[in-house]
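Construct the complete structure from the given sequences, taking the supplied hints into account.
From first to last, the protein sequence lines are chains W and R. What the first sequence shows, in this note's numbering, is residues 1 to 437, in sequence order. What the second sequence shows, in this note's numbering, is residues 1 to 401, in sequence order.
Everything labelled a hint here was simulated from the structure, so no lab data went into it. Hints may be right or wrong, so weigh each one.
These stretches of chain W come out as covered by chain R in the derived footprint (C-beta under 8 Å, 3 or more residues) [claimed, not checked]: (1) 62-76; (2) 206-213; (3) 305-319; (4) 345-353; (5) 356-363; (6) 372-386.
For glycine and all other residues, C-beta sits at the position ideal for the given N, C-alpha and C.
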Amino acid sequence: MPKGQRDIQGAGLAVLNRVAGSKALERLGLKKPAEQALFAASRTGFKVAGMAGRQFKSVKDLLSPARLESQAPRELFDLSPGEEQQMMVESLRRFAEDVLRPAAADAEAHQEVAEDTWKGAFELGLGLMAVPEALGGAATQRSPVTTALMAETLGWGDMGQAAALLAPVGVANALASWGSQEQQGRYLAAFAEDNPPDAALALLEPGAMGDASAPRLKGRKHGEHWVLDGEKALVPLGPFADLLIVSADLEELGPRLLLIEGDSEGLSARAEPAMGLRAASLGRLRFKNVLVERGAILGDESTLREAVALGRLAWCALAVGAAQAALDYVIPYVNERKAFGEPVSHRQGVAFTVAGMGIEVDSMRLMLWRAAARAEQGRDFHREAVLAHRYCADRAMQVGSDAVQMLGGHGYTKEHPVERWYRDLRAVGQLEGGLLL
Amino acid sequence: MINLEEPKKFRMLVHQAHQVASEIFRPNSRKYDRAEHDYPKELDMLAALMDGMNQGGQREAGVAHVARGADGSGEIVNGGNMATVLGLIELCWGDVGLALSLPRQGLGNAAIAAVANPEQKKALARAWAAMAITEPGAGSDSAAIRTTAKKDGDEWVINGEKIFVTAGQRCDHVVVWASLDPSKGRAAIKSFVVSKDNPGMKLLRLEHKLGIRSSDTATLVFDNCRVPASALLGSPEIDTKQGFGGVMQTFDNTRPVVAAMGVGVARAALERTRELLEAAGVALDYPTDRWRIPAAAAAFYEMEAEWEAARLLTLRATWMADNGQPNSLQASMAKAKAGRMATQVTLRCAELCGAAGYGEDELLEKWARDSKILDIFEGTQQIQLLIVARRLLGKSSAELK
Chain W
1 MPKGQRDIQG
11 AGLAVLNRVA
21 GSKALERLGL
31 KKPAEQALFA
41 ASRTGFKVAG
51 MAGRQFKSVK
61 DLLSPARLES
71 QAPRELFDLS
81 PGEEQQMMVE
91 SLRRFAEDVL
101 RPAAADAEAH
111 QEVAEDTWKG
121 AFELGLGLMA
131 VPEALGGAAT
141 QRSPVTTALM
151 AETLGWGDMG
161 QAAALLAPVG
171 VANALASWGS
181 QEQQGRYLAA
191 FAEDNPPDAA
201 LALLEPGAMG
211 DASAPRLKGR
221 KHGEHWVLDG
231 EKALVPLGPF
241 ADLLIVSADL
251 EELGPRLLLI
261 EGDSEGLSAR
271 AEPAMGLRAA
281 SLGRLRFKNV
291 LVERGAILGD
301 ESTLREAVAL
311 GRLAWCALAV
321 GAAQAALDYV
331 IPYVNERKAF
341 GEPVSHRQGV
351 AFTVAGMGIE
361 VDSMRLMLWR
371 AAARAEQGRD
381 FHREAVLAHR
391 YCADRAMQVG
401 SDAVQMLGGH
411 GYTKEHPVER
421 WYRDLRAVGQ
431 LEGGLLL
Chain R
1 MINLEEPKKF
11 RMLVHQAHQV
21 ASEIFRPNSR
31 KYDRAEHDYP
41 KELDMLAALM
51 DGMNQGGQRE
61 AGVAHVARGA
71 DGSGEIVNGG
81 NMATVLGLIE
91 LCWGDVGLAL
101 SLPRQGLGNA
111 AIAAVANPEQ
121 KKALARAWAA
131 MAITEPGAGS
141 DSAAIRTTAK
151 KDGDEWVING
161 EKIFVTAGQR
171 CDHVVVWASL
181 DPSKGRAAIK
191 SFVVSKDNPG
201 MKLLRLEHKL
211 GIRSSDTATL
221 VFDNCRVPAS
231 ALLGSPEIDT
241 KQGFGGVMQT
251 FDNTRPVVAA
261 MGVGVARAAL
271 ERTRELLEAA
281 GVALDYPTDR
291 WRIPAAAAAF
301 YEMEAEWEAA
311 RLLTLRATWM
321 ADNGQPNSLQ
331 ASMAKAKAGR
341 MATQVTLRCA
351 ELCGAAGYGE
361 DELLEKWARD
371 SKILDIFEGT
381 QQIQLLIVAR
391 RLLGKSSAEL
401 K
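This is the structure in structure tokens:
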């Protein structure tokens with residue numbers, strides 16, 4: 001926890017009494033003063049103290065949606081990022097190295113990203129690339145590849161914090177792609193600010209055998225509205241999100257995405273800690289008779305399928321970064337660690353494992369890039385996304401497991417970050433949504 | 001800007017190669033698998049056709065065009081390395097053995113392209129050159145080569161035995177690795193071009209093999225085989241510092257070529273498996289839901305993902321070569337991945353297709369035999385992993401053995 005933040009927290013605590021009845025506190029189920037006090041010593045708490053929940057209002061009157069268009073198909077096979085992408089990656093790489101990596105253990109322990117980290121990331125322009133110029137951002141075209149490169153770089157620093165930071169970016173990407181002019185005017189400009197709303201895509205549901213394309217969360221038709229009942233699981237920033245994009249099976253319409261504000265009546269949330277990604281503040285959301293209007297529907301009948309695919313690719317991108325981090329960590333370790341009188345890397349059993357890790361990290365990256373580049377050029381990318389996702393789910397976990405193995409017993413302890421990467425990388429296979437390229 | 005689609009400008013070349021594969025290779029595939037050592041005469045006609053293609057603007061493709069590229073302008077290009085690999089994927093989709101028997105597409109041609117001087121290149125422009133490296137006592141360990149070349153006046157005198165020479169019978173030239181001084185290790189190994197009509201070089205026998213039977217695999221004996229001084233490729237100096245670099249660089253360029261063979265034969269197996277599975281009622285339409293699909297479909301997607309990874313690693317290696325970037329690491333990654341993938345995928349396809357996968361009515365069982373060599377020649381899986389590991393770990397071959 002950065003030092004400067006505690007002072008702000010003090011102020012937050014001082015006003016806590018006055019806001020004890022706030023909806024946000026209720027939503028979080030924090031009733032006892034002790035819980036509130038504990039909770040207040042954090043970014044979340046500060047937010048609660050600050051009357052929680054951003055109030056959205058239309059800030060821009062758009063004549064038409066500022067939809068970001070796909071880029072033109074390219075002629076050349078090319079693996080070199082564009083100049084802007086390179087600059088973005090370089091600055092995020094420094095941020096990942098200087099801020100995310102050193103903060104990883106603390107962020108995990110506190111189960112959230114520190115306020116300074118959050119601010120730092122968005123001051124670097126994390127949100128700008130997703131928001132169209134007309135709404136104060138810097139984007140002229142949709143670029144899943146740019147988001148993928150950003151995610152890979154941040155994931156190299158720390159996958160848990162990266163997931164939290166990229167959750168609002170995912171929502172902005174979705175709004176830029178599919179939002180109506182009203183939806184964009186109300187929500188999207190806020191994502192270009194230094195302090196964007198806490199927002200995430202909520203697609204995953206509790207339990208086994210979930211199918212992201214067929215949500216169990218139901219919307220009953222009720223006059224001109226739908227009434228939502230059901231749950232979403234492991235949503236990044238879920239316990240305190242200002243804005244959610246939720247998948248639901250709507251009566252008469254079928255599976256759709258919905259924009260739902262965090263302080264909606266009937267929406268409650270709780271922290272839902274998991275094996276890893278603890279810095280992402282994963283949360284369980286409960287919808288009990290939540291009323292949604294037709295205007296809350298995002299996109300059309302094909303949007304959910306696309307969102308699932310782009311969400312999976314975002315997890316692949318984080319995994320590529322974290323797997324690369326694991327490889328980068330293992331190489332000096334096995335070169336320095338001695339057994340039987342020489343570095344353990346002089347043994348083929350170790351060396352071949354490292355070679356395998358290298359081949360798999362590169363394979364994952366190329367498969368991700370191909371799918372993202374196809375999406376970016378408006379080509380069909382579902383086959384590529386399915387293959388990349390299966391591949392990354394498998395191999396990222398293998399790389400994570402090999403990394404712990406290469407450090408032996410030391411890898412199993414918290415002396416080294418590989419055990420955290422092991423826990424984080426398991427997420428690639430089963431998390432849906434949360435993020436979106 | 002990042003884009004991993006095959007470039008449009010190679011579409012014609014790919015199309016032509018596919019026509020050759022489907023109209024000439026496939027119909028003859030089983031025939032020459034059964035008639036091992038018979039010369040596939042259909043290939044002569046094909047050679048003529050390919051000469052025509054080469055003159056028709058597709059100059060860039062073929063093993064003689066796999067070399068470090070880049071024109072120095074800094075502009076990204078897609079060139080001869082990628083074209084060759086894309087063409088070869090198609091040809092090996094047709095038949096790996098026949099692709100290896102294509103006149104003038106021998107590995108020796110790649111070596112000539114990589115290390116020959118301009119006069120040699122000119123003299124050998126129409127050559128079909130095989131490559132003779134392996135010996136009965138030295139496979140992956142090329143420093144242990146015992147074939148020698150001794151200077152005698154203006155000539156070199158070569159003595160030794162070479163095995164596993166692909167196209168060793170059908171070629172007209174052989175590039176042979178020999179040591180100027182076996183006590184000096186790798187640095188003393190040089191390559192020499194020997195014409196097939198040289199009386200000092202004799203064909204001892206042809207191998208009977210698990211697969212790629214339409215490709216001849218020869219044992220050659222060099223008995224006081226005299227070649228002119230100009231037959232030596234590269235410098236005659238034994239430079240212990242530069243060592244092996246020159247001859248080994250050939251492999252940086254040809255490893256992706258062999259990886260492409262694996263990509264091609266595996267695609268053949270995947271395509272046929274898809275047809276057979278779909279005919280049996282298994283849907284293969286890449287659903288979002290991962291868990292409610294038949295096990296056969298799940299296995300298929302797994303294989304396809306593995307195939308795609310190998311294909312992209314291969315294209316990356318060629319892209320780097322075309323743009324003048326050192327790619328030894330990436331070439332070995334591609335070869336390691338594609339060699340293993342090809343074997344695993346073709347074997348699994350044979351399994352998934354049941355009786356059709358094992359019987360000779362289909363080519364699936366043949367592909368599962370053909371593919372195995374791809375994880376062995378041009379550096380085995382284990383050698384590739386050693387190269388990758390040494391590069392990643394920053395180790396010498398003395399440290400990481």
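Hints, one by one, checked against the model:
Coverage of the region 62-76 of chain W by chain R holds. Counting CB-CB distances below 8 Å, 4 residues qualify, and the rule asks for three or more. Counting residues of the region 206-213 of chain W whose C-beta sits closer than 8 Å to any C-beta of chain R gives 4, which meets the bar of three, so the coverage hint holds. Only residues whose beta carbon comes within less than 8 Å of a beta carbon in chain R count, and the region 305-319 of chain W has 3; three or more means the coverage holds. Here's how the region 345-353 of chain W fares: 5 of its residues keep a CB closer than 8 Å to some CB of chain R, so the rule of at least three is met and the hint holds.
Check on the region 356-363 of chain W: 5 of its residues sit with their Cβ under 8 Å from a Cβ of chain R, so the three-residue criterion for coverage holds. Only residues whose beta carbon comes within less than 8 Å of a beta carbon in chain R count, and the region 372-386 of chain W has 9; three or more means the coverage holds.
Consistency note: the structure conflicts with none of the earlier hints.
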